[in-house]
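Please construct the entire structure, taking both the sequences and the accompanying hints into account.
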Amino acid sequence: MGKAEKELEILSWTKAFKRVFYIYCIGGVLVLALFAFYSKDLPSIEQLQNFNPELVTRIYSSDGIILQELYTQRRIYVPLDQIPRAMIDAIVAVEDSRFYKHWGISMRDNLRALTVDVLTLSKAQGASTLTQQLARILYESIGFDKTFSRKMKEFLTALQIERMYGKDEIAEMYINSSWMGHGVYGIQAAARRYFNKTSEQLTPDECALLAGVIKNSVRFSPLRRPISAFERRNLVLRKMEEMGFLTEEEYALYKNAPLQVLKPEPPASTAPYFVEYVRQLLTKEDDKYGFDIYRDGLSIYTTLDSRVQSCADSAFIQYLSQQQQLLNQRLLNSKTEIQSLIKDTSLTVQNVKLMIRGEVPMAQSLKASLIVQGALVAIDPSTGKILAMVGGRDFSESEFNRVTQAKRQPGSVFKPIVFAAAVDNGFPVTTMLLNQPLVINLPDGTRWAPNNYDMTTSGNTTLRDGLAHSLNLVSVRVVHELISPSTVVQMAKHMHLTTKIPAVEAIALGAAEVIPLEITSAFGIFDNHGVWVEPYAIKRIEDKYGNVIVDYLPRRELVLSEETAYLMTSMMESVMNRGTGVTARSVYGFRYPAAGKTGTSNNFADAWFIGFTPHIVAGVWVGVDNPAVSLGSHQAGAVAALPIWATFMRDTHYAMRWRAQDFTRPEGIVEVEICKETKLLPSQYCPVETEIFTKSTVPTEHCPIHKEIKGDEKKDGVTF
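Each residue of the sequence shown is one higher than the one before, starting from 1 at the first, in this note's numbering.
Simulated from the structure, these hints should not be mistaken for lab results. Honestly, I wouldn't trust all of these hints.
Here are the simulated DSS-like pairs of lysine-lysine, each with C-alpha atoms no more than 25 angstroms apart in a straight line [stated by the list, open to error]:
1) K679 <-> K695
2) K407 <-> K353
3) K676 <-> K695
4) K288 <-> K544
5) K343 <-> K353
6) K101 <-> K167
7) K288 <-> K335
8) K367 <-> K343
9) K367 <-> K407
10) K215 <-> K255
11) K197 <-> K288
12) K407 <-> K493
13) K707 <-> K679
14) K407 <-> K544
15) K407 <-> K343
16) K676 <-> K197
17) K167 <-> K544
18) K353 <-> K367
19) K539 <-> K284
20) K101 <-> K197
21) K215 <-> K197
22) K353 <-> K335
23) K255 <-> K284
24) K284 <-> K407
25) K539 <-> K288
26) K679 <-> K284
So the derived label-pair ranges between C-beta atoms look like this [to be verified]:
27) P226 <-> F400: 40 to 46 angstroms
28) R279 <-> S486: 36 to 42 angstroms
29) R578 <-> G183: 20 to 26 angstroms
30) T499 <-> G183: 38 to 44 angstroms
31) M455 <-> K367: 43 to 49 angstroms
32) F400 <-> S310: 21 to 27 angstroms
33) T583 <-> P502: 31 to 37 angstroms
34) T499 <-> D662: 19 to 25 angstroms
35) V582 <-> E557: 32 to 38 angstroms
36) L347 <-> T446: 36 to 42 angstroms
37) D662 <-> M455: 35 to 41 angstroms
38) E557 <-> P502: 22 to 28 angstroms
Note that the Cβ used here is the ideal one computed from N, Cα and C, for glycine as well.
Written out as C-alpha cells, the structure reads:
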C-alpha cells in the first residue's frame with residue numbers, strides 16, 4: 001500500500017471516528033436532556049428515603065381476635081427477618097436472575113427494549129429488573145403504561161433506589177409491596193389469605209407459588225385457576241433449582257406437593273355494628289392525631305370481648321326470629337293493618353303478604369314496618385368497656401345501629417330513674433303510696449288518668465313493691481306527690497341521658513325517648529356504687545411500629561350516693577326475684593344475684609329489659625323501626641326482651657366463668673326489723689320482716705296497730 005493510500009485510510013478512519021464521536025456527543029446530550037426532562041416528574045429524594053407503603057389497619061377485640069381490617073390496599077408489612085429466604089430466592093429466580101449483580105437496570109435488556117421502542121414507535125418491551133418493578137409499584141407518577149416515557153422514569157428511579165438502598169432492603173420492599181391477587185398486597189397478607197399462615201411459616205413450594213402469582217394474579221390464581229398456578233409454581237421451583245437455590249431432591253419433593261390453599265373467602269366481620277361504630281370514632285380522630293386509618297397500618301385495640309359478643313349474637317338470633325314469626329302471623333291475618341302500612345301505591349295487600357312469607361324480595365319502603373329489629377349492648381360498669389354490641393338483626397340489610405343511634409320510648413324501664421330521684425331525696429323504700437286511680441290536670445287543660453298495665457288496683461304500696469311489680473299508679477304518684485317532673489329530668493341529666501326529656505307527669509311512665517347505650521350505661525351507675533363511667537369502645541391505638549398513639553381513659557363522675565345506688569339495686573333485685581323479671585329465674589335459668597327492670601311502651605311498640613350483676617350490665621330493646629307498628633298484644637318487655645337478656649346473661653356468665661357474687665352493701669346502709677304491715681318499728685306482737693335503710697331514714701316510730709289486747713277488749717274469749 002502506497003503512502004497516498006495510507007493517508008486516505010487514516011483520513012477515512014479519522015472521519016469515521018469523528019462521526020462516531022459526534023454521534024456519541026449528540027447522543028450524550030440527548031440522554032442528558034432526556035434525564036433532565038423526565039427527572040422533573042420523578043419521586044423526590046425525600047420520597048425515596050422514606051419508604052411508606054399503604055398498610056392494613058387492624059381492629060382487635062380485647063381477647064386478641066381480629067374483628068376487621070381497614071385498607072385501600074390489603075398489605076401487612078413484615079421486616080426482612082420475617083421473610084423466608086426461599087421467598088427471596090423464588091422472586092430472584094423467576095423475576096430477575098441477575099438481581100445481585102446489576103446496579104438497578106440491565107443495560108443489555110433495557111437498551112434492547114429502548115431501541116425497539118424508538119425504531120418502531122411502539123410500546124416499550126419488557127426486561128424490567130426487580131428494582132425497576134419496585135419503582136413503578138411505589139410511585140404513581142411513573143405509572144404502568146408501556147410507553148417510552150414510563151420506561152425512562154422507571155429507569156431513572158431505579159438508579160436512585162439502588163443508590164439509597166441495599167439489595168436486601170430492595171427485596172424486602174418489593175416482597176412487601178407486590179400485588180398477589182384476591183385483594184392482598186405483600187407476603188404477609190398473601191400468606192394469611194391463601195394459607196392461613198404467617199410469612200415465617202411458609203414452605204419453599206408456597207413461596208414459589210406466591211412468587212409465580214406476581215406476574216399475572218388472574219392467570220395464575222391458585223383459587224380460580226389451580227392448574228395454571230400449579231404449573232407456574234413448578235416453573236419457579238425449576239428455576240430455583242437451576243440457580244442452586246434448591247437441591248435436586250428438594251425440587252423433586254416440592255414440585256409434586258399439591259396446592260393447599262384456602263378456598264373460601266375470609267369470614268365476615270365479627271360484631272359488624274361495633275366495628276362500624278369504632279370506624280366512625282376513628283374517622284373523628286384522624287385529623288386530631290394525623291393518621292389515616294386506611295393506609296397507616298394501625299393496630300386498634302378495642303374493649304369488645306369476642307366471647308361475650310358470641311353469647312349476644314346467639315341469644316339475639318334465637319329470640320328475635322320468634323318475634324318475627326309472631327309479627328308475620330298477625331299481619332297475614334290483618335288486611336287492615338297491612339293497608340295502613342302501604343305508602344307505595346304500586347303495592348297491593350297480596351304483594352305485601354308475599355313479601356312477609358319471603359316469596360318475593362321485600363320492598364325497601366316496607367322494611368322499617370315489617371321487620372322486627374333489636375339492640376343489645378353489654379358494658380363493664382366499673383370500667384365503661386363496651387363488651388358486646390348488636391345494633392340490629394342484619395348489618396348487611398341495615399347499617400343503622402340501634403344501640404347508639406335509635407331513640408325509643410323506654411316505658412317502665414325508665415322507672416328506676418324516677419324512683420332514684422325519690423330515694424335520693426330522702427324517701428325510704430318503705431314509703432307508702434296508694435295503688436289507686438288518680439286524675440291529673442295537665443297544663444293544656446286536659447286530664448290524664450293513667451292505669452296499671454293489668455288494670456288492677458290495691459291499697460297502700462311501698463316503693464319497693466311498686467317498682468318490683470311495675471305499678472304505673474305508684475310511679476305516677478311518686479312524681480305527683482313525692483317529687484316533681486323537673487326533679488326527674490335533673491336526675492336523668494345527671495345520669496347522662498342526653499335526649500330531650502320534657503318535665504311532664506308522663507315522665508313517670510317513660511314517655512320520653514332514650515338511646516339504648518345511654519340508658520344501659522345509666523343502669524351501670526346503680527351497679528357501680530353511684531359512679532358513672534363513660535362507655536367506650538377503643539382502648540388504645542398503636543402505629544405500625546407498635547408505638548402508642550393514644551391511650552383512652554373514660555370519664556368518671558360520681559352521680560349518686562353509694563347508699564342510693566345500693567337501695568335502687570336492692571329494689572331491682574326484687575324485680576328479678578318476685579316481680580316482673582322473675583321468669584329470668586324460673587324459665588330461663590339465670591340464677592346469679594342480679595337486678596333489673598322490664599319496660600314496655602304504649603301499644604307494645606317497644607319492649608325492654610335492662611339488668612346487671614356485679615360483673616356486667618346489659619340492655620336489650622326489641623321493636624320495629626317504625627314506632628307506629630306494634631309487636632303485638634301482650635308482647636311486653638318480660639315477654640319480648642327478657643328472654644334475650646336472660647339467655648345472654650346466663651351464657652355469658654358461664655362462658656366467662658364468673659362466680660356468683662352478691663352486691664356489696666355500703667357502710668351507710670343498715671338492715672332493720674320492721675312491722676310487715678305498717679313498715680314501722682315493730683312491737684312484740686307485729687309480723688316482722690327486715691328492710692334496708694340509710695342511717696338517716698330508719699323508722700323512729702313504733703307500730704301503733706299491733707299490741708296486746710287487754711281483758712276488757714276481748715270478744716268471745718279471743719284476744720286480738
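Taking only the CA atoms, is the gap from K367 to K343 under or equal to 25 angstroms?
The hint holds at about 12 angstroms.
Given the hinted pair K679 and K695, is their Cα-Cα distance within 25 angstroms?
Within the cut-off at roughly 16 angstroms; holds.
Taken at face value, is the distance from the CA of K288 to the CA of K539 at most 25 angstroms?
Since the Cα atoms of K539 and K288 sit roughly 17 angstroms apart, the hinted pair holds (cutoff 25 angstroms).
With 38 to 44 angstroms as the target window, see if T499 and G183 comply at their CB atoms.
Hint holds: Cβ distance 41 angstroms, inside 38 to 44 angstroms.
Taking 25 angstroms as the top limit, are the C-alpha atoms of K407 and K353 close enough?
violated (29 angstroms)
Okay, L347 versus T446 on CB: inside 36 to 42 angstroms?
holds (38 angstroms)
Taking only the CA atoms, is the gap from K539 to K284 under or equal to 25 angstroms?
At roughly 16 angstroms apart (the allowed maximum being 25 angstroms), K284 and K539 satisfy the hint.
CB of R279 to CB of S486, is that within 36 to 42 angstroms?
holds (39 angstroms)
So the hint says 40 to 46 angstroms: do the beta-carbon atoms of P226 and F400 match that?
holds (41 angstroms)
With the threshold set at 25 angstroms, check whether the alpha-carbon distance from K676 to K695 stays at or below it.
Satisfied, since the Cα-Cα distance of roughly 19 angstroms is no more than 25 angstroms.
Does K335 sit within 25 angstroms of K288, going by the straight-line distance between their CA atoms?
Violated, at roughly 55 angstroms.
25 angstroms limit on alpha-carbon distance, applied to hinted pair K255 and K284
violated (51 angstroms)
When each numbered hint is compared with the structure, violations occur for hints 2, 7, 11, 14, 16, 20, 23, 26, 29, 31 and 34.
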